[in-house]
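Chemist: If you're matching them up, the sequences are chains B and W in order.
Position in the first sequence (first residue = 1) + 432 = my numbering.
Position in the second sequence (first residue = 1) + 432 = my numbering.
None of these hints come from the bench; they were simulated from the model.
These figures come from a predicted structure and were not determined experimentally.
Heads up, the beta-carbon is just placed ideally off N, CA and C, and yes, glycines get one too.
Check the hints yourself; a few may be wrong.
[Stated by the list, open to error] Under the rule of at most 20 Å between Cα atoms (straight-line distance), these lysine to any residue pairs were calculated in the SDA-like manner:
(1) Lys646(B) x Ser601(B)
(2) Lys680(B) x Lys630(W)
(3) Lys646(B) x Ala615(B)
(4) Lys680(B) x Asp715(W)
(5) Lys646(W) x Leu613(W)
(6) Lys680(W) x Ala615(B)
(7) Lys630(W) x Lys586(W)
(8) Lys680(W) x Met648(W)
(9) Lys574(W) x Thr548(W)
(10) Lys680(B) x Asp715(B)
(11) Lys680(B) x Leu613(W)
(12) Lys574(B) x Leu678(B)
(13) Lys574(W) x Val491(W)
(14) Lys680(B) x Ala716(W)
(15) Lys646(B) x Pro671(B)
(16) Lys630(B) x Met611(B)
(17) Lys680(W) x Glu677(B)
(18) Lys586(W) x Leu613(W)
(19) Lys680(W) x Arg567(B)
(20) Lys680(W) x Val650(W)
(21) Lys630(B) x Arg567(B)
(22) Lys680(W) x Lys630(B)
(23) Lys680(W) x Asn663(B)
(24) Lys646(B) x Gly656(B)
(25) Lys646(W) x Gly656(W)
(26) Lys680(W) x Thr670(W)
(27) Lys630(W) x Leu613(W)
(28) Lys574(W) x Pro600(W)
(29) Lys680(B) x Asn663(B)
(30) Lys680(B) x Thr485(W)
[To be verified] FRET-style restraints, in silico, Cβ to Cβ:
(31) Met532(W) x Arg643(B): 27 to 35 Å
(32) Arg643(B) x Gly511(W): 28 to 36 Å
(33) Ser720(W) x Asp533(B): 49 to 57 Å
Protein chains: 2
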Amino acid sequence: MALIECIPNISEGRDAALVDRFAHAVARTPGVYLLDRSSDISHHRSVLTFAGTADAVAVAVLALFEQAVATIDLRQHHGVHPRIGAIDVVPFVPLEDASMDDCIALARRVGTEVATRWHVPVYLYEEAAMQPHRRPLEQIRKGQFEGLAEKMRKDEWQPDFGPATPHPSAGASAIGARMPLIAYNINLATDRLDVARKIAAAVRHSSGGLRFVKAMGVPLADRGIVQVSMNLTDYRRTPIARVFELVKREAARYGVTILDSELIGLIPSDALVHTAQYYLQLDAFSSSHVLESRLRHAMSLNAPASPDNVKQPL
Amino acid sequence: MALIECIPNISEGRDAALVDRFAHAVARTPGVYLLDRSSDISHHRSVLTFAGTADAVAVAVLALFEQAVATIDLRQHHGVHPRIGAIDVVPFVPLEDASMDDCIALARRVGTEVATRWHVPVYLYEEAAMQPHRRPLEQIRKGQFEGLAEKMRKDEWQPDFGPATPHPSAGASAIGARMPLIAYNINLATDRLDVARKIAAAVRHSSGGLRFVKAMGVPLADRGIVQVSMNLTDYRRTPIARVFELVKREAARYGVTILDSELIGLIPSDALVHTAQYYLQLDAFSSSHVLESRLRHAMSLNAPASPDNVKQPL
């Protein structure tokens, strides 16, 4: 079963009853599994995480738009997180049996529906982008809701779908496809912020480091230590283990050791399988040897596995 | 959903059509997923791997006995692997949401049925054993089918269920509960068999090494190297990473490095998650942060997750 993960960011983080309604709209969609939810009061923003088949996820996203367009008014919305719309961002992420192409197709399909039904302009971003300058989300979001009407007068900011002016209350939405993003922090056994910053500069792509790493050095005042705080934007091509080893090596350069590290949010299991393969030198191992993967695959055939589609090693 | 894995060892490894029938008997059981099968001609033995709820797995095992007792005659069976019965061994192994107690209860329930329906004597082994001398499978199997009638005259070898004499053609069966067993081999960049043997002796429990490791040194003639071949009998208490590190350290003692390593068969994902935690120093990480685990959990609620049983971090 090709499952797709969806992590919509909604511009409402203070009215718990309203966020409940959004979560219910997702959870009651047949075939959709709500996995996580979080709200941030200062950001005035909520994030839902759910998964299902492409068709089921599409229905859930549209149910969410139905609710959010009716209830959120960006003209009254003030939070510290940048945003352009009531449903600000909708990324689709391929899980085990789904491809990036599945997610790109889904982004376009949902984008068309959103523009048609609610007259909300839609920008396709990252892997789903149809123009290179719209790949980075930060470019689309630059100027925010307040600057949107002005921005949309320019040719290069005509939306991919929908009207050429913002929806009065719901603004616009960025809908896209991307790899799972892993938030990964490494804590150092030191309080020297300069060391964390130098290590961050060494490992991040923008200043000469690894291709799919964004990094910054930050103090953790309550623990009296510093942290290299990172986003890994493609863990298949820049694996966690290599990032860890490079940070460890750079820290040693300053006589500093690693205290511990942390993965934030939900992590795809193959990122952890790859880590085990790396350290144990499991050169011939693949995810198909993971018992639970095999079981999920057998279950996804819907009927119990027939003996004929099980390989016979001998 | 509490899933139980079952890996019956059947004394038939040469008649492919017959093994097909056994595999079909399992695969057509509702709620049971056949994950793997393998047959070995010189052992004259086949192993099926399947999983399901306790009830479904019980039905599949009894369907297998129905077929095997009717078709396998131990009096005509000659292979290099020791065996006492047509269905020689039936281990039940707890997967993610199941407990060892679930597996012990299942072993006793299935054992009673087998003894009642087909008059096959049953010995409960490992975690399901009711007497300490029957915990090790090798003790139950000592003397094999040919010595069974004689052995069963002794008080200490009365079966746990069923008649006090072997079934004429089907012998007896060992039915038990155990942790997943991980077959793990580390290949050394040397052809010195003495080094592999010394390392095996250093790491295995029987000669002073780690508690849940069995090990031997073997040559891999075709690759011109040697291997430390191991069984890890409880990977939660003696984790793979610690075994790897100890072997690496012992190898360095002889100036030898590790070429690669290999995990044989199906590996529980938490063994790999633990490995990643170990090397990345992920002190606060747990399996509940694995996206697929969260998804499986949500799916196992059968209906899509309600927003109320998803935790709300903020």
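Chemist: Now, for every hint given, state plainly whether the structure supports it.
Modeler: Here is what the structure says about each hint:
1. Between Lys646(B) and Ser601(B), the direct Cα distance comes to roughly 33 Å. Violation of the 20 Å bound is thereby established for this hinted pair.
2. Distance hint between Lys680(B) and Lys630(W) is unfulfilled; the C-alpha atoms sit about 32 Å from each other, more than 20 Å.
3. Proximity of Lys646(B) to Ala615(B) is assessed by CA-CA distance (about 10 Å); at most 20 Å being required, the pair is judged to hold.
4. Proximity of Lys680(B) to Asp715(W) is assessed by CA-CA distance (about 16 Å); at most 20 Å being required, the pair is judged to hold.
5. Proximity of Lys646(W) to Leu613(W) is assessed by CA-CA distance (about 11 Å); at most 20 Å being required, the pair is judged to hold.
6. This hinted pair does not check out: Lys680(W) and Ala615(B) have alpha carbons roughly 31 Å apart, beyond 20 Å.
7. For the given pair, Lys630(W) sits about 40 Å from Lys586(W) by alpha-carbon distance, which is inconsistent with the 20 Å threshold.
8. Our distance criterion of 20 Å between C-alpha atoms is met by Lys680(W) and Met648(W), whose separation comes to about 15 Å.
9. For the hint pairing Lys574(W) with Thr548(W), the CA-to-CA distance comes to about 25 Å; that exceeds 20 Å, so the pair is violated.
10. Under the criterion of a C-alpha separation no larger than 20 Å, the hint pairing Lys680(B) with Asp715(B) is inconsistent with the structure, at around 23 Å.
11. As the CA atoms of Lys680(B) and Leu613(W) are separated by approximately 33 Å, the hinted pair breaks the 20 Å bound.
12. The suggested pairing of Lys574(B) with Leu678(B) is violated, with an alpha-carbon distance near 33 Å, which exceeds 20 Å.
13. A hinted pair counts as satisfied when its Cα atoms are at most 20 Å apart, and Lys574(W) with Val491(W) does not qualify at roughly 29 Å.
14. Pair hint Lys680(B) plus Ala716(W) holds up; C-alpha atoms about 19 Å apart against a cutoff of 20 Å.
15. Restraint check: the Cα-Cα separation between Lys646(B) and Pro671(B) comes to about 13 Å, which is no more than 20 Å; the hinted pair holds.
16. With a C-alpha separation of about 27 Å, the suggested pair Lys630(B) and Met611(B) falls outside the 20 Å cut-off, and the hint is violated.
17. Of the supplied pair hints, the one linking Lys680(W) and Glu677(B) holds, its CA atoms being roughly 18 Å apart against a limit of 20 Å.
18. Distance hint between Lys586(W) and Leu613(W) is unfulfilled; the C-alpha atoms sit about 31 Å from each other, more than 20 Å.
19. The straight-line distance between the Cα atoms of Lys680(W) and Arg567(B) is roughly 45 Å, outside the 20 Å bound, and the hint therefore fails.
20. Under the criterion of a C-alpha separation no larger than 20 Å, the hint pairing Lys680(W) with Val650(W) is consistent with the structure, at around 17 Å.
21. Simply put, Lys630(B) and Arg567(B) have alpha-carbon atoms about 29 Å apart, too far for the 20 Å limit, and the pair is violated.
22. Straight-line distance between C-alpha atoms of Lys680(W) and Lys630(B) comes to about 32 Å, which puts the hinted pair past the 20 Å bound.
23. Note on Lys680(W) and Asn663(B): the hinted pairing is violated, with a Cα-Cα distance of about 32 Å set against a maximum of 20 Å.
24. Distance restraint check for Lys646(B) and Gly656(B): the Cα-Cα separation of roughly 23 Å exceeds the 20 Å cut-off, and the hinted pair is therefore not satisfied.
25. Restraint check for Lys646(W) and Gly656(W): not satisfied, since their Cα atoms lie roughly 23 Å apart, outside the 20 Å limit.
26. Proximity of Lys680(W) to Thr670(W) is assessed by CA-CA distance (about 16 Å); at most 20 Å being required, the pair is judged to hold.
27. Of the supplied pair hints, the one linking Lys630(W) and Leu613(W) is violated, its CA atoms being roughly 23 Å apart against a limit of 20 Å.
28. Restraint check for Lys574(W) and Pro600(W): the C-alpha separation of about 18 Å stays at or below 20 Å, so the hint holds.
29. A C-alpha spacing of about 17 Å is found between Lys680(B) and Asn663(B), which places the hinted pair at or below 20 Å, so the restraint holds.
30. Restraint check for Lys680(B) and Thr485(W): not satisfied, since their Cα atoms lie roughly 44 Å apart, outside the 20 Å limit.
31. Between Met532(W) and Arg643(B) the C-beta distance comes to about 45 Å, which lies outside the given range of 27 to 35 Å.
32. Checked against the hint of 28 to 36 Å, the C-beta distance between Arg643(B) and Gly511(W) comes to roughly 53 Å, which is inconsistent with it.
33. Distance hint check: the CB atoms of Ser720(W) and Asp533(B) are about 31 Å apart, inconsistent with the given range 49 to 57 Å.
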